[in-house]
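**Student:** From just these sequences and the hints, can you work out the full model?
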Amino acid sequence: MERTWATCGLYPQEIIVQLATTSVISKVKTWTTNDIGENDGNLQIETQAVTREDASFVKVKVLSGYNDFITVHRISVEGKAPRK
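Take 406 as the starting number for the sequence shown in this note's numbering and just add one per residue.
If you're looking for bench data, these hints aren't it; they were derived computationally from the structure.
Warning: the hint list may mix true and false statements.
To be verified - The calculated lysine-lysine pairs, modelled on PhoX-like cross-linking and capped at a C-alpha distance of 20 Å, are:
(1) Lys485 with Lys464
(2) Lys464 with Lys434
(3) Lys466 with Lys434
(4) Lys464 with Lys432
(5) Lys432 with Lys485
(6) Lys485 with Lys434
(7) Lys466 with Lys432
Claimed, not checked - What follows is a list of derived Cβ distance ranges for each label pair:
(8) Ala425 with Ala454: 35 to 45 Å
(9) Tyr471 with Val429: 31 to 41 Å
(10) Lys485 with Gly446: 13 to 23 Å
(11) Thr426 with Tyr471: 12 to 22 Å
(12) Lys434 with Ala486: 17 to 27 Å
(13) Ser469 with Val422: 16 to 26 Å
(14) Cys413 with Glu451: 34 to 44 Å
Values in this document were obtained by computation on a predicted structure and should not be read as measured data.
Here a beta-carbon is modelled for each residue, glycine too, at the ideal position from N, C-alpha and C.
**Tutor:** Printed below as a string of structure tokens:
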């Protein structure tokens with residue numbers, strides 16, 4: 406994701422990222438502010454290990470935030486192309 410995204414104060418919110426090719430995903434990493442807890446507006450980096458084969462999209466769901474508004478600065482998806 407190459408743009409910063411901000412919530413409008415209502416939860417839940419979803420971001421859907423289309424991958425360049427169908428992939429086997431192993432890790433999703435997010436850079437946010439005001440999502441996890443009080444951090445004086447500094448970036449909060451969270452990594453989630455996942456096991457998903459044949460994924461074409463990744464959905465990131467924000468169920469709640471520490472403040473009314475949060476920002477998502479970056480989403481990184483790691484994995485590899487499936488074997489054929």
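**Student:** Run every hint past the structure and note whether it holds.
**Tutor:** Going down the list of hints, with the structure as the test:
Restraint check: the Cα-Cα separation between Lys485 and Lys464 comes to about 18 Å, which is no more than 20 Å; the hinted pair holds. The suggested pairing of Lys464 with Lys434 holds, with an alpha-carbon distance near 12 Å, which does not exceed 20 Å. Distance hint between Lys466 and Lys434 is fulfilled; the C-alpha atoms sit about 13 Å from each other, no more than 20 Å. About 13 Å separates the Cα atoms of Lys464 and Lys432, which keeps this hinted pair within 20 Å; it holds.
For the proposed pair Lys432 and Lys485, the alpha carbon gap of about 11 Å is at most 20 Å, so the pair holds. With a C-alpha separation of about 15 Å, the suggested pairing of Lys485 with Lys434 holds against the 20 Å cut-off. For the hint linking Lys466 to Lys432, the alpha-carbon distance of about 15 Å falls within 20 Å, and the restraint holds. At roughly 21 Å, the beta-carbon separation of Ala425 and Ala454 lies outside the given 35 to 45 Å, and the hint is violated.
Between Tyr471 and Val429 the Cβ separation comes to about 33 Å, which falls inside the hinted range of 31 to 41 Å. With their beta carbons about 35 Å apart, Lys485 and Gly446 fall outside the hinted range of 13 to 23 Å. Separation of Thr426 from Tyr471 is about 35 Å and departs from the stated range, judged on CB atoms against 12 to 22 Å. For the pair Lys434 and Ala486, the supplied restraint of 17 to 27 Å holds, since their beta-carbon distance comes to about 19 Å.
Separated by about 21 Å at the C-beta atoms, Ser469 and Val422 satisfy the suggested range of 16 to 26 Å. For Cys413 and Glu451, the hinted distance range of 34 to 44 Å is not satisfied, since their beta carbons lie about 21 Å from each other.
Hint compliance for this structure: hints 8, 10, 11 and 14 are broken, all remaining hints hold.
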